[in-house]
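Based on the hints, put chain D in the right spot on chain V.
As given, the protein sequences belong to chains V and D, one line each in that order. Position one of the first sequence corresponds to residue 1 (the numbering used here), numbered consecutively onward. Position one of the second sequence corresponds to residue 617 (the numbering used here), numbered consecutively onward.
Please note that the accuracy of each hint is not assured.
[To be verified] Chain D is faced by these chain V residues, among others (derived, beta-carbon under 10 Å): (1) Tyr21; (2) Met28; (3) Glu518.
Note that these hints are calculated values from the structure, not bench results. All figures in this text were calculated on a predicted structure; none of them were measured in a lab. The beta-carbon is built from N, C-alpha and C at its ideal position, and this holds for glycine as well.
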Amino acid sequence: MNFDGRKIFIIIFIVLTSIIYSIKLLHMQVLDNTWTENAAFISETRREIIPPRGVMFDRNGIKIVSNSPYYDLRFVEKNIVDLDTAALAKLLQVHDTFIGYRFKEIVRQQGVYKGKSNYQRSREYTFIQGITKNEIARIAPELYKFPGFYEVATSMRQYPYPNAANIVGYIAEVDSADMAKDPYYKRGDYIGKAGLERFYEAELRGKKGIKYLLRNASNNTIQSYDEGRMDTVAIQGKNLTLGIDIELQAYGEQLMRNKLGCIVAIEPSSGELLAVVSSPSYDPNILVGRQNISANYPKLLRDPFLPLFPRPTQAEYPPGSIFKLVQALIGMQEGVIDENTGFPCTSSIVGCHSHAPASNVSKAVQMSCNPYFYYTTKRIIEQGFKKNIFEDAAHGLAIWEKYMNSFGLGVKLETDLYGIRPGLIPNPAFYDRWYGKNGWAFKTVRSIAIGQGEVKLTPLQMANVAAIIANRGWFYTPHVVKSIGEDGPKSEYTVKNKTLVDSIHFLPVIEGMRKVTEEAGGTGKNARIPGITVCGKTGTVENKQGKDHSVFIGFAPMEDPKIAIAVFTENAGFGGTWSAPITSLMIEFYLKREVSDKAKEQRILDAVILPQPKNK
Amino acid sequence: MRKDQNIKQQADWFLIGLYFLMVIFGIINIHSASNASFDISIFDIQHNTGKQIMWFGASLFVGLVILVVEIKILRGSVYIGYLIVLLLLVGVLFMPPINGQRSWFGAGGFGIQPAEFAKITTALVLADFISRVNIRLQTVKDVIFANLIILIPGALIMLQPDAGTLVVFTSFLFVMYREGITYDPIIVRLINTYPGVRINQTWIGSNFIPILLIVIVLSLVTLSIRETEMILPFTMVPLSGKYIIIFIISIIFILFYLVIQRIAQKRDKAKLAALGAVSGILLSLLVLGVDFAFENLKQHQKDRIELALGLLEDPHGKDYNRYRAMSAVGSGGLHGKGYHNATVASPVLNHVPEQETDFIFCTLSEEWGFVGSFGLVILFTAFLLRTITIAERQKSIFSRVYAYSVAMVIFYHFAINVGMNIGLAPVIGIPLPFFSYGGSSLLSFSVMFFILLKLDSERLNMLGND
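Chain V with its partners taken away, still in its complex shape (with noise of 0.2 Å):
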């Protein structure tokens, strides 16, 4: 047999090789981009240099959150050659077992995977946080003896004060789910995880700049891409002023100490929030850098008083007596009552303390008539727009509801505070759940006109009441940042929110806060500032679970007022007691910057009211 012709079979295989060899040559080489995009990510590293964040002052210009250098020292195991664990030891001046562990540590806290760990050993993993100048100074100069090592400088947050942790907030690692969610994230990048911190990062953080880098297989970069002509510069973060005065802002903690609940102050020209208090509270400071914050986080967490949950705006009290300012208000808008109304106090309704006849709106506000409120709200609701009294008190709690909803009430006030709660407005619907349709009444639902029962309130919503009052019927939309850059606020937060209410019909409400400072017969005369008109307003709020909680509100000074302010103390009873004195510290301090009165500043320093915490 003659094979000869097979030739052609192995002639044709080679020559179709050399054929689509050089045309996926051409291709690969010449007409397809891809591979040389490939190979400059593979061998030009984008070194991204992370700016400053912005810092942060307070009203007054003083700096409260600011950064400070620091250094990481970091390696990639691949490159270690020869590692000698005792000089190493001796030079971060630790001990000898401590290098040992700490790459186990590194190791461990990488996690495992389907059976195989995370770690790599040619990525980089930092061996040391937070080594000060000083120590790098003496560090850095002996690190050439280990390759592999070495030092990279970083920045942490610095917070001058202790206070305003829950406003200001904490920076951490991003975690995976951040970095889904915004690829401008890479691992080890610091993000806001809370506060302002959080609300502001977009701002704060700046924009990233890039520094294209030659690298070698092993991540070490060689020199500068196409002499740096690609690179991008880091633009610093802004800067933050905020409304809040910290001065105020510490002095309330003070105060605070050793009480639970809150102080928020706004000033009413601007909606800036001047203080916001939440006790217990804790020092910024211990939640900076991973090892703080995994080492404090879990302990703030455990603490039965729980000072991360930031009770200005997330806790969700009923109001008490100082919802009677806003019936008031609603009522003589409504018509339903003018300024010379006057009801009996028919205690026999609802209890009342003994007290002068409430013959006007001022009175009944001086003297937190009970009966007279209820009076009043019933009059909203049951309008008598339709015969039944069911589908009348609907249409009542409807109109009175939208009324609250254009108080801030029952709708989040949309502040740059995390987590906002709209606390509680109850609507028809809400009733109809509970009663079912056409089930209730004004009787039913009476609790309400005096801020008990269903009602509830954030201190952040009852600060901002103060402020709408001491506006005479408008009020911004509560904020602490002032500016951002040199930008002014958010431009929400330049927008005149208008209540339903007139003007005019602030008046009578306002000198009846006036008298329960200033009158004999008044609730809040603890609140008295010599020389200040306050206007104020207490509130007791029945507290099923343990003692009352004592709540006031005011503003000052009656003719122009600077600062509108809400306290409110757990468990401590009647409100004149506690948070009325409390308020004219605060008010006092913020517009005098001393206060008169030592001894009744001493009396609330010394004061302790913490309710047993539950055994778990």
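Positioned in the frame of chain V, the structure of chain D alone reads:
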């Protein structure tokens, strides 16, 4: 004619020229792939370039010895050489492993891999066996024996384990194919019993591509393009991978039918048409069967097959080297980045592992661009076609089989090595002949080449079964 014909006159200077071109081009690239700068002297034997030049010198010396030695001695030492290499292959299994393989003799910079030389001795013994008068590669006994010649060193190499060299040993199947080997004598016999058809006396019969090969190639093609979609020409009908192949098979058999209608004898027409139809249906069923079988595999099995076929990209896993290599090659552009200017396949940046040995093609392609890489493909194609031309002009079957062995071994190395650099072949660690850094590799390919040169220069003195 005198027996010691003047080598100068008979030597194939074209092939010699190609050999020198490739080795020198190779050394130039090794210099760039191993050293950060020009400064290192190319003759410094502490460095790769100097070592490679030294090995080149050694190769030329050995080559010269081969050229002057009597052809009889060469022919007579074929089996001794085969046995020695087998012993070395056994011996190497007792050496300490390097990178998990027991394939090196010696230590430090100057090791020897017996597997490299096993290719030569196997080729020589195979040539000797096939060139015997009474051997017919269509009988079961001779086919088994011929395969044993390849399998014995192959098995020893598998024990090292050195999968790359083992794969290269399958190149001898091509050689045997050229020499008329039939792996499916039963099928041939079956077809021959079909009345009126004498398949092994027709053109189809004598150029018969083993059915096994058809099955393997068709299966691989099916797997490779099963995800591809094509619009049937002149219609709007979309075809998925398997139907594209069946469509092509149909067209081939329609053409086949038209051809036999013209050339076949009248009495064979119907039978050949039926044979064609049956083959077409069987091949289509094979395509559908492979596709169906793949569908029913577990995901990780699918992944493994797709990775091997280059259908899956896994830049950070198993395919890490290939991804890096392809990035280096692909970033070369038309003219390349310039000598010593590679950024991926650079000895300083070190992104491509083993870039001076198995991945030397990366450095070349990145620094010399398409001009360089295409030039390399042309060099190899010319070398291979020239070798086949030489093979075909031999009167001696021994010389022809040996020359084909050289062509196919080098073709395998070239196709797999370049293929893995451009993503057309799985990553198998075998060197690029004459280019890759490494003493054993250069020396063994040079010996292989010089024996070919010697045999060719003696072609007028050797007869058919000489």
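Now for the hints, and whether the structure bears them out:
1. Tyr21: For Tyr21 (chain V), the interface hint holds, since the closest Cβ of chain D sits about 5 Å away, which is under 10 Å.
2. Met28: Holds - the Cβ of Met28 (chain V) comes within 10 Å of chain D, reaching about 4 Å at its closest.
3. Glu518: 75 Å, violated
Violated hints amount to a single one, hint 3; each of the other numbered hints is respected by the structure.
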